[in-house]
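If you're matching them up, the sequences are chains Z and C in order. The first sequence begins at 50 in the numbering used here and counts up by one. The second sequence begins at 50 in the numbering used here and counts up by one.
Calculated directly from the structure, the hints in this document are not laboratory data. We put the CB at the ideal spot given by N, CA and C, even for glycine. Keep in mind that a hint or two might mislead.
To be verified - Label pairs and their calculated CB-CB ranges:
{"no.": "1", "chain 1": "Z", "residue 1": "D171", "chain 2": "C", "residue 2": "Q164", "range": "38 to 48 angstroms"}
{"no.": "2", "chain 1": "Z", "residue 1": "T97", "chain 2": "C", "residue 2": "G123", "range": "26 to 36 angstroms"}
{"no.": "3", "chain 1": "C", "residue 1": "D64", "chain 2": "Z", "residue 2": "A99", "range": "19 to 29 angstroms"}
{"no.": "4", "chain 1": "Z", "residue 1": "G163", "chain 2": "C", "residue 2": "I137", "range": "17 to 27 angstroms"}
{"no.": "5", "chain 1": "C", "residue 1": "H170", "chain 2": "Z", "residue 2": "K165", "range": "18 to 28 angstroms"}
{"no.": "6", "chain 1": "Z", "residue 1": "A54", "chain 2": "C", "residue 2": "D64", "range": "35 to 45 angstroms"}
{"no.": "7", "chain 1": "Z", "residue 1": "E127", "chain 2": "C", "residue 2": "R87", "range": "18 to 28 angstroms"}
{"no.": "8", "chain 1": "Z", "residue 1": "R182", "chain 2": "C", "residue 2": "L175", "range": "34 to 44 angstroms"}
{"no.": "9", "chain 1": "C", "residue 1": "L186", "chain 2": "Z", "residue 2": "D174", "range": "36 to 46 angstroms"}
{"no.": "10", "chain 1": "Z", "residue 1": "P125", "chain 2": "C", "residue 2": "I137", "range": "38 to 48 angstroms"}
{"no.": "11", "chain 1": "C", "residue 1": "I137", "chain 2": "Z", "residue 2": "E113", "range": "37 to 47 angstroms"}
{"no.": "12", "chain 1": "Z", "residue 1": "Q164", "chain 2": "C", "residue 2": "M50", "range": "38 to 48 angstroms"}
Number of protein chains: 2
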Amino acid sequence: MVDQAFVATSHVLGDLFLCHARLQCDARFPWILLIPRRMGLREIEDLTPADRGRLMDEAVLAGEAVRALGEALGRPVEKLNIGALGNITPQLHLHIVGRRSDDSAWPDPVWGHGQKIAYDHDDLDLVIGTARRGLGL
Amino acid sequence: MVDQAFVATSHVLGDLFLCHARLQCDARFPWILLIPRRMGLREIEDLTPADRGRLMDEAVLAGEAVRALGEALGRPVEKLNIGALGNITPQLHLHIVGRRSDDSAWPDPVWGHGQKIAYDHDDLDLVIGTARRGLGL
Chain Z
50 MVDQAFVATS HVLGDLFLCH ARLQCDARFP WILLIPRRMG LREIEDLTPA
100 DRGRLMDEAV LAGEAVRALG EALGRPVEKL NIGALGNITP QLHLHIVGRR
150 SDDSAWPDPV WGHGQKIAYD HDDLDLVIGT ARRGLGL
Chain C
50 MVDQAFVATS HVLGDLFLCH ARLQCDARFP WILLIPRRMG LREIEDLTPA
100 DRGRLMDEAV LAGEAVRALG EALGRPVEKL NIGALGNITP QLHLHIVGRR
150 SDDSAWPDPV WGHGQKIAYD HDDLDLVIGT ARRGLGL
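Bound-form chain Z, shown alone:
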């Protein structure tokens, strides 16, 4: 079960082998969330070693999808930022965010930075489609 906090701020992309994947609804940054489909996890250490390997594989895949999102939006990604924080929503999740030196938060992290901006409806279709293809979904 996915925490309701994710449902309110992101769109479903689909399920990978380990993780439920979602698009963060923030047009400022190409940004995918990976939520391991295991009950009661809070920390990376709560995953089995095999699942930790799967999480890395899926993080790399999500990084490729985030790069594809950046290309599709005309803002190619210069640096990936990957983070497992969970200070606000404790259910274990990984953020994969595409950054550029001209984005509004650079070089600071995106988490807790300013106000999110909704995607235009037309962009959202493009972005969700691109992210799903990037993830092989």
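Assemble chain C onto chain Z, guided by the hints.
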């Protein structure tokens, strides 16, 4: 070779199988850096799959060491924050940070937050010793 930016802001803890481990010189948060001992890496995807697994193992170990640091300082860790950013120092590195709901940045990330505070000299000996033992170094 470790980027000089790390040398200026952290203390050597030692070398694990994959990573060079350092203590971030900031008494506000128990905080360990892991820097894979491979040349020319910027992103997680630049690691081989085997090295990605090793990075996860060493991140879990560093999480245990960060928890031990928190205990030694009388501020037990409530949540680990793990991040690979590299917006300022591009050499691939992983942050493992112990967080508490009463720390000065909570619930925001620590990166880019406020001014660091140096450890007292006596605390530094305790902290480095605790971190090394936690990492098995």
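Hint-by-hint comparison with the structure:
| no. | hint | in the structure |
| --- | --- | --- |
| 1 | Z:D171 <-> C:Q164: 38 to 48 angstroms | holds (44 angstroms) |
| 2 | Z:T97 <-> C:G123: 26 to 36 angstroms | holds (32 angstroms) |
| 3 | C:D64 <-> Z:A99: 19 to 29 angstroms | holds (26 angstroms) |
| 4 | Z:G163 <-> C:I137: 17 to 27 angstroms | holds (19 angstroms) |
| 5 | C:H170 <-> Z:K165: 18 to 28 angstroms | violated (44 angstroms) |
| 6 | Z:A54 <-> C:D64: 35 to 45 angstroms | holds (39 angstroms) |
| 7 | Z:E127 <-> C:R87: 18 to 28 angstroms | holds (21 angstroms) |
| 8 | Z:R182 <-> C:L175: 34 to 44 angstroms | violated (52 angstroms) |
| 9 | C:L186 <-> Z:D174: 36 to 46 angstroms | violated (52 angstroms) |
| 10 | Z:P125 <-> C:I137: 38 to 48 angstroms | violated (20 angstroms) |
| 11 | C:I137 <-> Z:E113: 37 to 47 angstroms | violated (24 angstroms) |
| 12 | Z:Q164 <-> C:M50: 38 to 48 angstroms | holds (41 angstroms) |
Checked against the numbered hints given earlier, the structure breaks hints 5, 8, 9, 10, 11 and satisfies all the rest.
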